[in-house]
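Residue-level listing of the chains:
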Amino acid sequence: MKKRIIKKIDTSKRNFLTGSATLAGVAAATSVLPISIAKANHEDSDPKGLPDFIKWKNREALIVHSKKGIEAHRSAIGESIITPIRNVYIRNNMPTMTDAQIGDRNKWKLSVEGVKKPKTFTLAQLKKLGQTTIATVLQCSGNGRGFFEHGPKGSQWRTGAASCILWTGVPVKKIVSACGGIASGAKYMTCTGVDAPKDLDPKKATVERSVPLLVYKESILAWEMNGVPLPNAHGGPLRSVPPGYFGINNVKHLGKLAFTETESDVKYMKTSYRISPIGKKGPEYPSCWEMPVKSWIVRPTDETGVVKSGKVQIAGVAMGGTKKISNVRVSIDGGTWKKAKFVGPYLGKYAWRQFVFEANLAPGSHNLASKATAGGDSQPELRYENRRGYAHNGWKDHSVNVEVV
Amino acid sequence: MRICKIYFVVLFFSFFLMTDLKADSEKMVLGLEVFNNKAMCSTCHVLKAAGSTGDIGPDLDSLKPSEEQVRSVVIEGLGVMPAFGEEGLLTSDEIDAVSYYVAHSSEK
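Chain order of the listed sequences is A and B. Going by the working numbering, the first sequence opens with residue -18, and the numbers climb by one from there. Going by the working numbering, the second sequence opens with residue 25, and the numbers climb by one from there.
These aren't lab readings, by the way, just hints derived from the structure by calculation. Quick reminder that beta carbons are idealized off the backbone N, C-alpha and C, glycines included. One or more of the hints may lead you astray.
[Said to hold, decoys possible] Derived list of chain B stretches under chain A, where covered just means 3 residues or more per stretch with a C-beta under 8 Å from a C-beta of chain A:
(1) 66 to 80
(2) 83 to 95
(3) 116 to 122
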């Protein structure tokens, strides 16, 4: 009886809504059904479970939070400093531009403003101004959000919205020289993406980010990433790279470089990406700019399987934001700290450093933690509670529990 | 006599059931209207039930948000999404309706 009533209710709703859809002028009237069978959209577009624009990524290495929010498994960032490009996380505010929208990559245009001689360059012209390669950590501001207990909105990243990338491009200071220097009064370098769809309010949809002016001296505009032309999904054909700054400041599909007296007034600068106390928001709170010192263990973890007792190499990565990492300490009991060894080549202070700590683990449960220090700052034990779950660098949440047999 | 009593009891509860059903349907209608027209949610979101295929915000059929989750984000906004409540772009009835509509329309 109950089933029959429910069936009747659903049918009546469908009929009613189909009619209302017509009234509302909605074209898709026949599809107005309140409930149907569960099926995640990414399963529709690709049997591997990845959306079309990043089918080339390594599905096994990734955790899909949403079509535009995809992180690497903790153990999938690799142990050779540079993250394999197929394992690099995806976090895109706007839809990725297509080849058709981009057109001939060499003819991609960048306008430069706030300089003594404003100019527009094509990518081909930028390539003639100069070239360098830098290694930087690219990390989403919300990496670690999944550890916050108040449930901040957004993708629930743990450690995988981070990567270490080799970028090739033109130093911004070469562009500044070609434009006769920076105009007087500038206090910020402001980069603008041109990926906002035209039917949206540009003040809300334009990804435009300002960083303190002096950052330009170390910044590049990149057209290559880990040895391949910058993929569209990562902001191709041109992206700004202000090293040591959170991912959002690395503006994708870059169309304008400006030196400005004030910070941009678009939403993505003014109110979004602000580190505010829980329950508060506004432009008066700090923006997600420089990344704080941070580290985490990538092996062993609960992802890497059973750990056999005896000698174990505990490996991880440590980053200092804009400061050089001075040391990393590891604990296998949640309290006693011992120095780990740095391994692999030093790729500059903006890259992360690999560390390894050799431990003898007895059978049982172990809490493995790492704590990095850079420029005199050490990772705190606890996260800084904030509304949107940004900039988490507390060591405790990032520790791993492993079972040793 | 007993049958008569049962009849009235059933009639009594049916009245409330029908009232609820009418209220739910009205909410769904208003919710759809807000979704596709006033708030233009369809510009940015996929929601098959509304025939929308927007590619900017999360796919609501995949996300399957609860009514409370929708309400919170509609009121406060997130990223490019306007704060429809805080900026006074929707009335509280419209927010209730669109939250109810999305929570009950995303593919379960």
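For each hint, the structure was consulted:
A stretch counts as covered by a chain when three or more of its residues have a beta carbon under 8 Å from one of that chain; for the stretch 66 to 80 of chain B and chain A the count is 10, and the coverage holds. With 5 residues having a beta carbon nearer than 8 Å to a beta carbon of chain A, the stretch 83 to 95 of chain B meets the requirement of three or more and the stated coverage holds. Under the rule that three or more residues need a Cβ within less than 8 Å of chain A, the assignment of the stretch 116 to 122 of chain B is violated, with 0 such residues.
The structure does not agree with numbered hint 3 stated previously, though it agrees with all others.
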